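K.L.:
For chain L, the structure is supplied; the task is to place chains C and Z with the ligands on it using the hints.
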Amino acid sequence: MAKLKLAVYWGAACGGCDVSILDLHEKILKIGELADIVLWPLAADPKYSDIEAMEDKTIDLCLFNGAVRNSENLEIAELLRRKSKILVSLGSCACFGGIPGLGNLFNKKEIFNSVYLDREFNANEEQIVPKAKVTVPEGELTLPEFYNTVSSLEQVVDVDYFIPGCPPPPDLLWKAIEAIVSGNLPPKGSVIAGDKALCHECPRKREGRKVKEFKRLVDVILDEEICILEQGVVCNGPATRGGCGARCVRANIPCRGCFGPIEDALDQGTQLLSAIASTIDSDNPEEIKKITDQLADPAGTFYRFSLPVSMLKRRKEEGEE
Amino acid sequence: MSERIGVFVCHCGTNISSVVDVEQVAKDAGGWDNVTVAMDYKYMCSDPGQELIQSKIKEHNLTRVVVAACSPRMHGPTFKKTLERVGVNGYLMEMANIREQCAWTSDPGELATEKATALTRAAVKRVNFHQPIKESEVSVNKATLVVGAGIAGIQTALQIASAGYPVYLVEKEAYIGGHMAQFDKTFPTMDCSACVLTPKMVDVNQDPNIDLFTNSQVVGVEGYVGNFKVKVRTEPRYVNLKTCTGCGDCVSACVMKDRIPSEFDEGLGKRSAIYIPFPQAVPLKAVVDKESCLFLAKGKCKQTCIEACQVNAINFQEEEKFTELEVGSIVLATGYKLFDPSIGPQWGYGLYDNVITGIQFERLANASGPTGGKLVLKDGSQPQRVAIMHCIGSRDENYYAHCSRVCCMSSVKFAHQIKEKTGAEVYEFYIDMRCFGKQYEEFYNRVQEEGVQFIRGKGSEVVEVDGQLTVRAEDTLLGVFREIPVDMVILNNALIPQEDSDQVASLFGLCSGEDGFFLEAHIKLAPVNTAVDGVFLAGCCQSPKDIPDTVAQASAAAAQALSAIALGKVKLSPVRAAVEASRCSGCMSCVNICPYGAVGFDKEQKVSVINQALCKGCGTCGAACPTGAITTSHFTREQIMAQIEGVCAQ
Amino acid sequence: MSKKKDFEPLIVGFLCNWCSYTGADLAGTARIKYPTSIKIVRVMCTGMVDPSYVVKAFKEGADGVLISGCHPGECHYVEGNVKTMRREPLLANLLEQLGIERERFKLMWASASEGEKFAKAVQEMTDILKPMGPLNLGGGKKIG
Ligand code: SF4
Ligand code: SF4
Ligand code: FES
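Residue numbers (my numbering), protein chains in the order written: chain L, 822 to 1142; chain C, 130 to 779; chain Z, 5 to 148.
So here's chain L without its partners, still in its complex pose (with noise of 0.2 Å):
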C-alpha cells in the first residue's frame, strides 16, 4: 500500500491538540510507517508554498486544528480543504471556536485594548497595535487580518468528521486515524466521541439536585462520589457530549464542557443555563437573584467551548469596524 499524505495544521490554537498527537507515544511511530507528513508547523519543515503547489486531494488526511480567528487561518483552512481527501476538525477549536471562541464575547478593539494598550504590563509607549497593512520606508508590510468574530472551521469549509476535546482524547484520535486508514469510514459529518451526554458515563452518585447557592471550585473541597453540580458547582456534564471517558469528573474537577453540544442540541450554553436554573432551591425572587448573581460569568461558563457554533454566535456587534 501506497504511504498516506497526512497534513496537521493549527488555526487560532494553544498547541495543545498537537501535543495530544504526540501523546499517541509509540503508536506516533506507526503514523510515521503509514503516513508521510506534508504539513506540520509544529514538527516538521513544509511550507505553506509546498502545499499550494500540490494538485487538489493530493492529501489523504487533514488533522486541523484550531479555530479561524484571523485570515491566515481562513486562507490556510480553504486551501487544505482544496488539496485533502478527508479534513478532519480537531480538537474543541476547531470544532465549537473553543476558548478562543469566548473572543467573541468582544470586539476586536477591546481585545486590542486590552492586549496592546491597556494592561499595566504593556510597554507601548506608542501605542502600536497590529495592523493588517503597514507602510514602511522599505516597502510594505503585511500581516493576517484580525477577525471581529471566531468561526469554527465547519462554519468556514466543508469537514468530514469532527474530533473534539480540550485536547482530544488520543485515544479516539486513533480510533479516527485507524477507521481511515482501514477505509472504514463513518458517515461524512461524524462526530468521533460517545452519543449522550457525559452524565451518562459519569460514576457519580446522583439524586436529584436542589441548587441553594453556587460556589467556585476553588472554595470547596469536593466529594468524590456526589454529582458535583449537587454539591453547588457548576458541571457542564449535562449539556455536553460525553466520549471522553469522564476524565475530569473522575479527576474531582467538574466537566468544563470541551466535548461541546450534544447532537442536534438546540444551544449548548441555554440549555444547560435552564437545566441547572431551573433547580435552583428557591421560590423567591429576590433569593433567586442572589444565588443566581453568584454565578459571575455565566457566558464563559456555560458557553466555554462553543459561543462560536451557538445560536447566536457572538455578542451583539455593535457596527465596529
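There's no promise every hint is true.
What the hints assert, rightly or not - Residues on chain Z that point at chain L, a partial pick, calculated with CB under 7 Å:
no.	residue
1	S56
2	V86
3	M89
4	R106
As the list claims (entries may be wrong) - For each label pair, taking beta carbons as the anchor points, the in silico distance ranges come out as:
no.	chain 1	residue 1	chain 2	residue 2	range
5	C	E767	L	G853	47 to 53 Å
6	C	P703	Z	D10	53 to 59 Å
7	L	F927	C	P703	45 to 51 Å
8	C	P177	L	N1105	54 to 60 Å
9	C	V267	Z	Q101	43 to 49 Å
10	Z	D10	C	F565	47 to 53 Å
11	L	N1105	C	K429	43 to 49 Å
12	Z	I132	C	V267	46 to 52 Å
Think of the hints as simulated: they come from the structure by calculation, not from any bench.
Model, not experiment: these values are computed from the prediction.
Even glycine gets a Cβ: it sits at the ideal position worked out from N, Cα and C.
P.N.:
What follows is chains C and Z with the ligands alone, placed relative to chain L:
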C-alpha cells in the same frame, strides 16, 4: 415528504376584515412553502365555512390545515372536529388568533395586516411539524364531590343523587343551608325561605346517595377529570351524629347559655356553647363551639351538658378526622361572603345602634329570629322611618366594582316587609334599580305603589344630628342634596368572594377573576366549566346571583357531572411529556421539578421516566432538559421554533 | 418592514394558555388597543419556555421578548411559573453578556382577567424599545 397545507382566513363578518386586509393575508399565504391552497371566507365557523374547509381538504388532499380566525380557545375544538369529520386527525390543524389578539386590539391598516400575516405564517410553519395524536380515554368515577351545602350545593347534590349516583357533599359549617337558611322571605313571590329550603335540606339528609360531611373542608386534591382523589378534613363536633337526637337538653343545660352571640342570628341573638342554631337545622344535632366551650377552651367546666344528655352523645375527646374520597367530577358551590360595612365609617355601621345590614334585617324579620319576627329598634320600640341603602361596597370603585345583583330586589323586599309589619315610612337610596328577573319589575311597581319612597342617589353618609340618625344623599333626579332623618338604616351590603377563595382556587387549580370570584371557562358558552376539566361551578362562588339563577346554574353543573357519568369516559388532554431514552443521559435535572412528581428515575438504565398517568403536560421538565430528551406532545421544540421563525420572518 | 417611517419593534410574547393568553384574548374582547409590535406564541405554561426559545427569538430578529404567565401561586400546573422565575435572572445575565440589554427581556404575570394589564405592559415595552432601536444581532455573518 412535504406537507400540503390549506390556509383559511376568516373575515368574521367584519370583525376581522374591517381591521385586517384578510384577502391580502390569504394571498400572501398562497405563496408560502408547502401551502397548497389559501383562501378567505366570511364566516369560517359557519356550516358553509366548515364545508369549504372540508371540500378543500378532499379536493387538494390536504395534510395540514391552518385556520386564521378567532382564538383557539374559542373555536379550536370546532375546527378540530371539522377535520375529524372528513377523517383527518384534528391535531393536524393550527389556528392563528387574528381576531382577539390582532383585529380587536389594533387600528385598521397595514400594521394590523402585517401582524395577522405574521401570526398566520407562524401557524403555517408550525403546522408542518404537527403529528396526529390519538386522545386517550379514561373511565369516569361515578361519584361526585360537591363542595359547599348552601342552596347551590344542595340543588346540585340532590339532582345528581336523584339520578342514582353517589354524591359527597362537604360543608365547612356544622349545618347546611348557607345564607338562604338565614333569609326570611324570598323575592318576588314573598314565600318563606325556610318553607322552600327546609324540605330540600331534609332530602339531603335522607337521600341514601348523599354522603354529608359537615364541619369539613377539602384539604387535598389530586388526579384529573374522571379520577380525582380528594382528602377531606372533618373538625370534631364533640357530639355523636348518630346518637344525638337533637332534643336540645344540652343546649339549655350549658353554663354559657344565652351568653354567646349567635352567628346564625348575625349577632342579634344569643346562644350557648353547645347549640343548635335554628329549629330546622340539618343535621339536627348539637355542636360544640370549641372557642366558647369552657371545658375545651379553658379545661374547666362542670360539664353540665354531659349530665343533661340522656343518650351520652357528647364526647370531648373527639378528634379531627381525615377521609379520602375518589370522585369523577367536582362541583364547587362555596358561595360568598358579605362585605363588612364597618370598614367605611361613613355608613355608621358599628357606630350607631340602629344601623344594621340586610342579613341582620332578615333575622329580625324572621319568625324564628331573635325578636320572633318583630321589627324593632335596639330599645324595643317600632321604627317610624327606615332608610334602605343599596350598593354598600358594590359598584363602588373604593371597594368592589361589581354589581352584587341581588340587593336591588332584596331592598324592595325589605321595604315591602317594613310596610307590612310596621307601616313605617321607607326611603330607598339607589343608584339604578335593577329589576331584571322574572316578575321583578312587577314586584318593584307594586312596592312603589305601597308608598315606599325611592330616591335616586347613593346614600353618601349616615350621621347622628342631635341624637337623630340621619341619611345624607344627593337626589340625582331632583338635583338636590337631601338629609333624611330616620330611626333605622339598613345597609344592603355587597356579596364578595369568600375569605379563603384564593386558597380554594389554588387547591382546585382554578383562576379567579378580577372581582375575586372563580373564573368560568367561558363567560357565555361555558359558564359552569372551569379551566380544570371535571371541575364545575355553581352559585355565588362564580359571581353574585339570586336564588333562581343559582338553582339553574346548580342544575347545570349537575348536568355536566351527569353527562360525564353517563358517557362513562372522558378524553384526556393529549399534551404530555415523554423521555426519549436514547437521548437521556440521566443528569436528573428534571426529577425534582415536576409539580406532580411524574418524573421518576430508572436506576438500571440511568434514564428518567415520565409516568403518563400523572403528567399533566406543563412542559416544565422539557424546558429544563439539557439534552432535548424530553418532548411535550403538540408543543414540541420543532413546533415552537418554527412558530418563532414564523412570527419573526418579515 | 420596508416602507415604515418609524421603527416598529418586534416583540415575541410567550404566553401561557391558562392565564395570560386568556387575558390577552380578554383584552381583545374588551377592544383594548395596544401596539401590533407583539406577536404571541401560545405555550401551555411559562414553565415550558426553554431559554433557548428566548435566544432563538432574538436570533430571528425580535427586538424584545416578553414571557407572561399566571401569578405565582396561580399557575395551572401549580408551579410551572416558579421554574420560569428561577431561569429568568440567570438568562437575563447571560443575555446582557451577549449584548442584549436588560430592557429587551421581560417576565411578567397577568391573570386571565388582566387583559388591561397585559395591554399596558405591551404598550410600555414598546415605548421602551422604540428609542432603543432595532437589536440587529450581527451573529449571522459568516466571517469577520
Ligand atoms: S453533572 Fe457532572 S458530576 Fe453530575 S452527573 Fe453530570 S457529569 Fe457527573
Ligand atoms: S410535562 Fe410537566 S407534568 Fe409532565 S412530567 Fe414534565 S414537569 Fe411533570
Ligand atoms: S399555566 Fe400559566 S404560568 Fe403555568
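K.L.:
Hint by hint, where does the structure go against what was stated? Just the numbers, ascending.
P.N.:
4, 6
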